[in-house]
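Enquirer: Since the structure of chain G is provided, determine the placement of chains Y and W on it from the hints.
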Amino acid sequence: MSFSKYISGIFKALKSLIGGMRETWKELWTKKVTMQYPENRKTLVISDRWRSELIMPHDENNEHACTACGICMMNCPNGTITVTPKMIETEDGKKKKILDTHIWNYGTCTFCNLCVITCPSNAIIFNNDFEGAVFNKSKLIHQLNHEGSKLREKKKEPVAVKTPTTTSSDSTATPATNKDEIISKVKENNSLTASVGGNDSTNVEKTVEQPKQTNNNKDKTNE
Amino acid sequence: MKDIKEVILDAVSNAVIEEKQKLTVTVEPKQLHSLLEALYNNPELPFDYLISLIGMDWGDKLGVIYLLSSTKDLSKEIVVITATADRENPLLYSVTDLYGTAHLNEREIYALYGIRFINNPDMRRFLLRDDWNGFPFRKDYDENPDLNPITVVSQEIEDEIPRIIENEKGELVEETVHVFEDDDYIINIGPQHPSTHGVMHFRTALEGEIVKKVDVISGYIHRGIEKLCENMTYPQILHFTDRLDYMSANINRHALCMCVEKAAEIEIPERAEYIRVIMDELQRISSHLLAWSSQCNDLGATTAFIYGIREREHVLDIFDKTCGGRLIVNQNVVGGVMFDIYPDFQKDVKAFIPYMRKSLIQYDKFFTHNAIALGRMVNVGILPIEDAISYGVTGPAGRASGLSCDVRLHKPYSLYNKVEFKEVIRTKGDSYARYQNRLDEIEQSLHIIEQLIDNIPEGPIVAKVKPVLKLPEGQYFQSVEAGKGEFGVFIESHGDKNPYRVKFRSPSMAAVSVMPLICKGEKLSDLIGISGSMDFVIPDIDR
Amino acid sequence: MLLLNYSQPLELSGIIESVDTFLRTNMSPGWATFVEGVIVCVAILALYCIIALALIYIERKITAFFQARLGPNRLGPYGVIQSIADMVKILIKEIIHINRSDKFLFYAAPFFVIVSSFLAFGVIPFGIDLQAIDFNIGVFFYTAASSIGIIGVLLAGWSSNNKYSMLGAMRSGAQFVSYELSAGFALMTIVVLSGTMQFSELVEGQRYCWNLFNGHISSIIAFIIFMISGHAETNRGPFDLPEAESELTAGYHTEYSGLTFGFFYLAEYLNMFIYCSIATTVFLGGWMPIQIPGLDALNEVMWYIPSYVWFFGKTGLLIFLSLWVRWSFPRLRIDHLLNLEWKYLLPINLVNLLVMVVIVLTDTSLAGLFPSLLATN
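Sequence lines, in order, name chains G, Y and W.
Taking the working numbering, I'd label the letters of the first sequence as residues 6 to 228.
Taking the working numbering, I'd label the letters of the second sequence as residues -9 to 533.
Taking the working numbering, I'd label the letters of the third sequence as residues 58 to 434.
No wet-lab data here; the hints were simulated from the structure.
Treat the hints with care, since some could be wrong.
What the hints assert, rightly or not - For lysine to aspartate or glutamate, the following DMTMM-like pairs were computed, each having C-alpha atoms within a straight-line distance of at most 25 Å:
1) Y/K340 with G/D53
2) W/K118 with G/D53
3) W/K220 with Y/D173
4) Y/K66 with Y/E(-4)
What the hints assert, rightly or not - Away from chain Y, derived, C-beta distances all over 12 Å, residues of chain G:
5) F8
6) N66
7) T89
8) P90
9) K91
10) N110
11) V139
12) E152
13) K155
Glycine included, each C-beta is placed from N, C-alpha and C at the ideal position.
Next up, chain G with everything else stripped away, as it sits in the complex (with noise of 0.2 Å):
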């Protein structure tokens, strides 16, 4: 190593030290770009397709579109999903298969929209509400169905869906698609969020047309 060398080498190695301080010089002065949660909850934009928490939206009526087909629950891939029907006997005497409980496990589902996509007759959704954290394991097992719901009556149309996310609209249009879709709006149940996540400040909720399709034909799929 000859002594300019040597020298020259301490001076570009001083030159490239300096260059990388100024880039955190630079730094020291810009805007951070950590956040201050929660103190944001306010202000925090959660993206419309956030998948956090499963639910099934409800009416006004306490009623549901789910039909107890068990498709969710032969779709989730780890068994998160757990849908009990139960036998009736409708006012005309025939026999008809409602929905008794549908139960979705918070703690082992890894949210892969499965049982969403492939639900025919959109009865359940992911929401927004991130804040999922409890202290206790056998909370994370939620009951989707409201006490008391029922199906909702296939006649009964229009009415407004007011759902957290939009993205069944585009999601819905998975294989087997139904072609005489009827526009149905579902009206959420507003005290939905605030009873299943205790959470109403960071849902961004926003009103949507939601595509819906008939169930007339799907009833069959579930054996």
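Expert: Structure of chains Y and W alone, referenced to chain G:
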């Protein structure tokens, strides 16, 4: 491929050659080694690159599928199958002398299928402990948890290597050797260590600060995803791929989707292709950004780590808005994509491109020319091209050694034959070349996105797929260029709605298998630096 | 002391003097000295802890700003009581006993580290009359006291029965022994220039011209070398190989917990403060306010700012510089580190010392060149 058939028949006269998705050759176990040797030494088109080694249980037979390719022309591929009917003590011949990558893969097959390989210098089980009862990937495996109870006591790691060697007389000799010498100073890098990027375990023998030998132990988070896949329908398998190399979640999923689509002959809409490729490239950027930042962090520059993460956050925000997931994106489905792009997608991506370019300039000024960083990376951990080929090291690390291995270029899939990009190749093979390659590839990815982002055609985002998807009988392969190298999917279908066997070719496993080689003789600090530059991610190895 | 002709309303000299008179009028001289000794000890210990806590907070905050983060922000406004909370946590944490470790050495090690740091801390002149003891060989004493710490580090690594600790300690040993030379030679260069080893005289000698400028080129080189080796001696990035978080998890103090770890932690931060304050005293005029010959009005105004504010201000600047360096660079490797010392710093230092001798002999220092302007006496 006429020539190849002749080469095969010259080597093994009774080989069964079939034209399936790929040229498939079936041979007897005894002839396997001579066949692979002939293919390896084929002068015109040497099949020197072992893409994947797949253990199989066909019920009556246990076997191995070798997927070979040539670094001269990566589009040429050959499948070699061999099988033995002996389920009690299955023995096959090892090909570790030809392909370095076979070493860990054969050990994995031993752990999962119980097939032992003659002449493999180290026949311990990989991914599983040596005292595991049964071979979990066999179809007749007893899942009873009592056989392999969960232990709460500390289990020693055995220092003994069993192996079977064929001596000159052709007799098989079982012997035991030791991994380390008695007076080696062994230090455990991992499984709980800040710089192994997960639960990787390098048992390292040191000579002062100098690394004498590295012994790779993995499997601490082995989940048996490939086995789980065998009981699931194809749409259900998809969500596992995001959990292999979680840095290239979307790209992995793209591979599996393409494999299924090819097998089921589903044509996917063009709009979906565009979305897939744009998302893939964004994913690649995020993968390289994390690799960059964690490599800097491994070298002690914590600040750089945070800068990289900050930029990556912008990509994740785009993912989040597109498909509601940040790390586990869940975007691709069989037949297209799950979510259409959101209205501001193009605007956000276009805003990201110049921002990222500015950041790349900052990285250059901040770290790339830093004298200390150069000292830590230049001429450290040199991986010669021969070893890169032998160990199947692909991706930015392979290209840093001069190996042209970009799947997007050599086996174009999706839209990659329509876009223009440069394959970044450096020949030095040291940590610094790998480092620079990643930053340059970010620029190439930005360039690809630029070409596509304004031309996304209108149309549906998902093709019609039967509700119950059954693949026709056969073997299907699909490779993609993931963030860390060639990611491959192999599916064997027996016509059911579940696959018979799924195997993922993991680029990280190749990167790890070469670590003992390139770390030997380097300093302990460099072991950490090199592992950062190889950029492996453990769930991809442990699957 | 020397400068009471200026008005210094905020200086502490008055209080110190009145305490002294009070004690001496009420007690025998022996007892008075004893009580004064105790008071000084307690004051130094308290100052030590307060400075350490403040430094930890400041370092975390500045680090965060360099890294586009916010830093501690939960406890108190802007997280100011974070380090107090951390201290409480460390005090009440269990001290974990390590199997098959050398118990005696294991628990003795942190004391070596912290005692050496205390000793060095004692000789720092914080302001007018704010110095525990003013040795006539102050510089020498600092060098000697600060080098005891390495024994603690080596013992910690040796006795922990942990290979990571052992590697960290061995690195530390090599590093410390090497960089001690540079630091010593850099200080020696200035001793040659100012002709004294006593801190009070060093400060007084820099009234009109800091040593950093007085010896011009040679002083500046000595300053840079002193800062680099100070970094290395205190095991701070980019020379933090002994702890090398990403390689050795925590190096020599991997096995320490609770208060024993706290000692290492405190000593690390205080050592940074100590070498910055020595650099301040030796190169930047210590507590002496900025004085420009001829501008008496300005000089008088400067004296209104108390001397300890000057001292802490200058030291703070150097600490900021050290943080800035720490968070800008990656870590060196052990052989690079030793290369830097033995192939670059030491030869340069030796040449530099020679140059300084020539400067002093030929009287070509700034004060020598412009005696009318800058000479102190």
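Enquirer: Hints first: check each against the structure and report whether it holds.
Expert: Verification of the supplied hints:
1. Y/K340 with G/D53: Holds - the C-alpha atoms of G/D53 and Y/K340 are around 21 Å apart, at most 25 Å.
2. W/K118 with G/D53: Violated. W/K118 to G/D53 sits at ~34 Å, over the 25 Å cutoff.
3. W/K220 with Y/D173: Within the cut-off at roughly 14 Å; holds.
4. Y/K66 with Y/E(-4): Given that 25 Å is the threshold and the Cα spacing comes to 15 Å, the pair holds.
5. F8: Correct as stated: the minimum Cβ-Cβ distance to chain Y is 19 Å, above 12 Å.
6. N66: holds, 29 Å
7. T89: holds, 22 Å
8. P90: Holds: least Cβ distance 20 Å, greater than 12 Å.
9. K91: Holds, since 26 Å exceeds 12 Å.
10. N110: Answer for G/N110: holds, closest chain Y Cβ roughly 16 Å.
11. V139: Per Cβ check, G/V139 is outside 12 Å of chain Y; nearest 21 Å; holds.
12. E152: The assertion about G/E152 holds, with a minimum of 29 Å to chain Y.
13. K155: Per Cβ check, G/K155 is outside 12 Å of chain Y; nearest 28 Å; holds.
The structure fails to meet hint 2 from the earlier list, while all remaining hints are met.
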